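Visitor: Protein chains in written order, with the working numbering: chain Y, 1 to 272; chain X, 1001 to 1387.
There could be a bad hint or two in this list.
[To be verified] Cβ-to-Cβ under 8 Å is the rule here; a few derived chain Y residues that face chain X: (1) 46; (2) 48; (3) 50; (4) 111; (5) 146; (6) 191; (7) 222.
[As the list claims (entries may be wrong)] Here are the simulated distance ranges between beta carbons: (8) 1224(X) with 3(Y): 47 to 55 Å; (9) 242(Y) with 1129(X): 26 to 34 Å; (10) 1131(X) with 32(Y): 25 to 33 Å; (11) 1171(X) with 258(Y): 26 to 34 Å; (12) 1233(X) with 114(Y): 26 to 34 Å; (13) 1163(X) with 5(Y): 50 to 58 Å; (14) 177(Y) with 1307(X): 45 to 53 Å.
Because the hints were derived from the structure by calculation, they are not lab data.
Model, not experiment: these values are computed from the prediction.
By construction, the Cβ of each residue, glycine as well, lies at the ideal position given by its N, Cα and C atoms.
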Amino acid sequence: MICYGTRVTAGVVPGKGGEEVHGIPVFDTVREVLSRAPIRASVIAVPPLSVRSAALEAIDAGVSLLIIMTERVPRRDIVEVIEWAVEAGTRIIGPNSLGMISPGRWKLGAIGGRLDDARKAYSPGPVAILSRSGGMTTEIANLLTANGIGQSLCVSIGGDYIVGSTFSDLIPVLDDDRGTECIVVFGEPGGTKEEQLADYVRKHGVTKPIVAFVAGKFVDAMPWTRFGHAGVMVEGDRGSVASKVRSLREAGVTVVDELSAIPQAVRRELWR
Amino acid sequence: VESKRILAVEGLSIPKGGLVSNPGEAEEKASELGCPVYVKAQVPIHRRSALGGVKLAATPAEARRVASSMLGMRLGGWDVERLLVEEAVKGDGQVFIAFAYSDALKQPLLLASLRGGASVEEGPSIAKEIRPSRGLQPFQARQVSSRLGLRGKRTIALSEFLIRAWSVFRDYDATLLEVNPLTFTPHSGVVALDVHMQLDDDALESNEALRKLQLPSRPELGHPPTPFELRASEIDRTDYRGVAGRVLEFSGDLGLLIGGGGASLTIFDAIRRHGGNPANYCEIGGNPTVRKTAELTKLILTKPGVQKLAVITNVLNNTRVDLLVRGVLKGMMELRIDPGKYPVLFRVPGSWEEEARLILEAYGLHLLGRETSLEDAARLAVEDLGR
Chain Y
1 MICYGTRVTA
11 GVVPGKGGEE
21 VHGIPVFDTV
31 REVLSRAPIR
41 ASVIAVPPLS
51 VRSAALEAID
61 AGVSLLIIMT
71 ERVPRRDIVE
81 VIEWAVEAGT
91 RIIGPNSLGM
101 ISPGRWKLGA
111 IGGRLDDARK
121 AYSPGPVAIL
131 SRSGGMTTEI
141 ANLLTANGIG
151 QSLCVSIGGD
161 YIVGSTFSDL
171 IPVLDDDRGT
181 ECIVVFGEPG
191 GTKEEQLADY
201 VRKHGVTKPI
211 VAFVAGKFVD
221 AMPWTRFGHA
231 GVMVEGDRGS
241 VASKVRSLRE
251 AGVTVVDELS
261 AIPQAVRREL
271 WR
Chain X
1001 VESKRILAVE
1011 GLSIPKGGLV
1021 SNPGEAEEKA
1031 SELGCPVYVK
1041 AQVPIHRRSA
1051 LGGVKLAATP
1061 AEARRVASSM
1071 LGMRLGGWDV
1081 ERLLVEEAVK
1091 GDGQVFIAFA
1101 YSDALKQPLL
1111 LASLRGGASV
1121 EEGPSIAKEI
1131 RPSRGLQPFQ
1141 ARQVSSRLGL
1151 RGKRTIALSE
1161 FLIRAWSVFR
1171 DYDATLLEVN
1181 PLTFTPHSGV
1191 VALDVHMQLD
1201 DDALESNEAL
1211 RKLQLPSRPE
1221 LGHPPTPFEL
1231 RASEIDRTDY
1241 RGVAGRVLEF
1251 SGDLGLLIGG
1261 GGASLTIFDA
1271 IRRHGGNPAN
1281 YCEIGGNPTV
1291 RKTAELTKLI
1301 LTKPGVQKLA
1311 VITNVLNNTR
1321 VDLLVRGVLK
1331 GMMELRIDPG
1341 KYPVLFRVPG
1351 SWEEEARLIL
1361 EAYGLHLLGR
1371 ETSLEDAARL
1381 AVEDLGR
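If we strip away everything but chain X, and leave its shape as in the complex, we get (with noise of 0.2 Å):
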């Protein structure tokens, strides 16, 4: 709905429809627009209408038939809580169209094809490619059109629609602008059937038009998240420096403390190829201060299930070793944690690293160094830790 207002604001043609919560709005919104109409979960997924998510409904009284299964319904782990009630366009043919960058070829791209629909890839296909200092230009975009084997009027219709579709990619800051699909409408103008965006958060504080938006901010997990995960986005939020989050709940009973962005892959990887079961997926690195990592720290060990923690990290760089162990004895002391008693490993090699040794020695603990591989680390973890 979000990208659907985005090309409104921008006067790109859209379906006519409105959001509702409950069955009776859902009868009246398809009265108000004249059936048939579209009833669309609303939910952050992809292949929803494989799902189930979309419908057509003929009459206003089986609109609301319809908005009465789905409301409630759970869709990829979300609840449906609004739907969309949307005139079904007669349309007369559908065209693909989307706006994404290549990380091959280092520039935005713009991928077309006829017959758009649930199976994109069957159709044949153009990609062309933009330069950002250029931007797309109006005979590109005829081009486009002309190559996708259209003709006169509806050339037009398209490649205007291009253009558009092309600045609200660019303006917005979006990393994906897909309309899958649009159609012709009798008179050739062109109709967005179905929208999707996503946008740069890096962009967001500097892209004045998205800020005017406010719109919802969506964690990327592919699920709803957890108490547990929102809890820990707000740790990490409680100040900039460093990273001590980014975490994803599983259900096993060994917490993890690792880091930071490929090294977590690799120590999640290798736990789990000992016979380790993780209670969470984290990343600690850019030297996060000793409250968060003590906050992160009480966060996992209070998890209902964790007996045991691992804190495992690549040869750090720029991270100071002392202050990450001190943020994890930290955490476990203010859960009356006795962190010697406690099944707990350490491999934290790097920068302050005899400084760490003596502060985790003083608690009859020791620190694994750069001599224990990240392999044999996780596998200690796994084997040793047990009881």
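The shape of chain Y in the complex, shown without the other chains (with noise of 0.2 Å):
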């Protein structure tokens, strides 16, 4: 994070404050920081049963951006952070994403790798990404790179069923961005997370075109079966593949069968 040029300005581990570590100080709480610096956003790295402690902290600091790594955070702790967050006003991301990262300016989390990784993969533009799995967030970075596309905001919302932020949430956020022309989206068999995305786009309609590519086709047959991500399972016929590729579809949006033909979908949205 500190290498691709994101401004590291603390770290909170209860019970190590006064530590360093790559020469940026360690407090016991996000209060102690606060009292030094603004934050901006905070990155929650901790085991799962721990999440629900450090992200309340966060939230009560008045942090507002949180992006939560950890996977296998309890449903019931999820909903209550996301309850205060949603008190607070802060927005959250994950959990169980990867993190977020804007091309040659910052990025939080682990999106993307080592520096190197990073900039091999990623490169600025125009496009966004916001996918349901972190390692297609850079697959799908690295195919538009690949191609000449460049990418403004890249957003690994978080595999879970729950997850702070959803497709529906971050578009409006996308379609004020200035930065952004074109929105990819990568969906997954299970829950409601499409739907809803389709649905918003249908009643309230975004000015900027969507690319969606949706993963897993072959789960459509094997319905109670979970894959991957907690939030992957067919249950009965809800949450299909087809299901959800057909209410996006009736909503205007672009999808595309198969990964590679990405590229070719969105440079024809951009010339459009």
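With the hints as a guide, bring the two chains together.
Guide: Below, the structure is given as structure tokens:
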């Protein structure tokens, strides 16, 4: 993160206050950090059962953007964290998020990996990526970069069934973002996040074109089986890829059938 | 049965009954309870009654006959080994209720409707959001009962049930608690006739109440796990670092080592679209140890019918490509397979990619990097590995 350009001002580890890591001071509480400098964002990478407490502390301190990278956070904990966040006006990305990156400027979390690797996959440009899969965020960025298309903001929204910010929560932000001209969405089976996105597009309209890809078509034939991310399970016929693709298309979203078709579809939207 | 046990422990009323494993016991249990009774196959499937897993018996002798035909049946891939014999409660009216989480509202939700049954969607239904910090308050439960059209004592009976069921949902870290249906007894009590609960795997360790119950673990596979799948999850459990598992068995000839969550879904689709026949689905990610990758490789390569192997991942963020490649080669060599002579494809771009390339070249193998798309890698695996 530091190498990539993110200004990391402090770390918080209760019990390790006063220490330093790579020259960056460590504090026992978030409030202590706040007394020295404002905090724009905070990244949480603690064990699953400590996430609730760490997140509530950051929300209480008034952190406006919170990235939760931890996987396997109990569901009762995350809904409570989200309830606090809604009241405080904190935006939460994750849990089970790899982070977010504004190519060439900063990154929050492990997204993109080491400096050299992040530079190879991500390049600055006009396309935003929202993805339920962290790994696929980087894969899609790499695919765009290889085709000469850069990215404005790439967000791994988290693989869990319940995450702080869904596609439809983030689309309005990107729609208002002057650096973004087109939005790529990576969906998966299970849950209703893609259907919510379709609803949002239908009801509110989005000025910027959206290109979507939904992975896991084979999962439709295997209901009640959990795949990978905690949020991936087709329940009866609810959450199937077929239903997601249908509702997105009905809402006017461009849905590509192959991952490799994304750059071409994006280019078509950009030159339109 | 486990769900009903939890409800009973928490003081919610369920039909009397017991588990049996042979027809004689079923007959005894039926006469002890008084007929009619329900005989229910104990298998973890959805729509059990539609598949013939629930039957009514009017006499103990009939319970014996039903039991002997049901035991040994296969339902949704599961062998029926145990039956629940349960009094058939003569209730009045049916209510469906469920506590679940909404991924749209990011809150728990109470769903309720009258005339619950096999097709709950048909009745009028109420959805009530529950603020996690406030829980379900008694007045809210009474409002829900009243909006369902209940009056007087029944409103009270249902709302008391709802409050208790909410406590169970919360205290046991359920992700779903469904009662379908519950019914009213002549004295305005309520009985939960059928209960289905899903628990949050991620909360099992931290939840005292759940640990005490010592529930059997149930993989969410939609079918009983095959020996191949069981062995894969054993391998994954040998070390907490990284994932090299979550395997599903298929019948094809192409072994797959693919990763991680969203990438596995994408790659599997692409292999299928290009006409490939996968022998398995799996997930690799989060930097698994060389040993885990090697063991998983061995498991897949020794699966009958497997003739080729594709190692395909997304552009890896944090998993070390060289360690992944080492694991695969180690697995092959422990099986005395010469990696240079086996039909295998590697598309693993990411960190420590150059080191991985050198390792593979020492065995006469080639590493496909980020310049080859996932789609092309899948196509090559299908077209070029065949003989």
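Visitor: Going back to the hint list, which numbers does this structure go against?
Guide: 1, 3, 11
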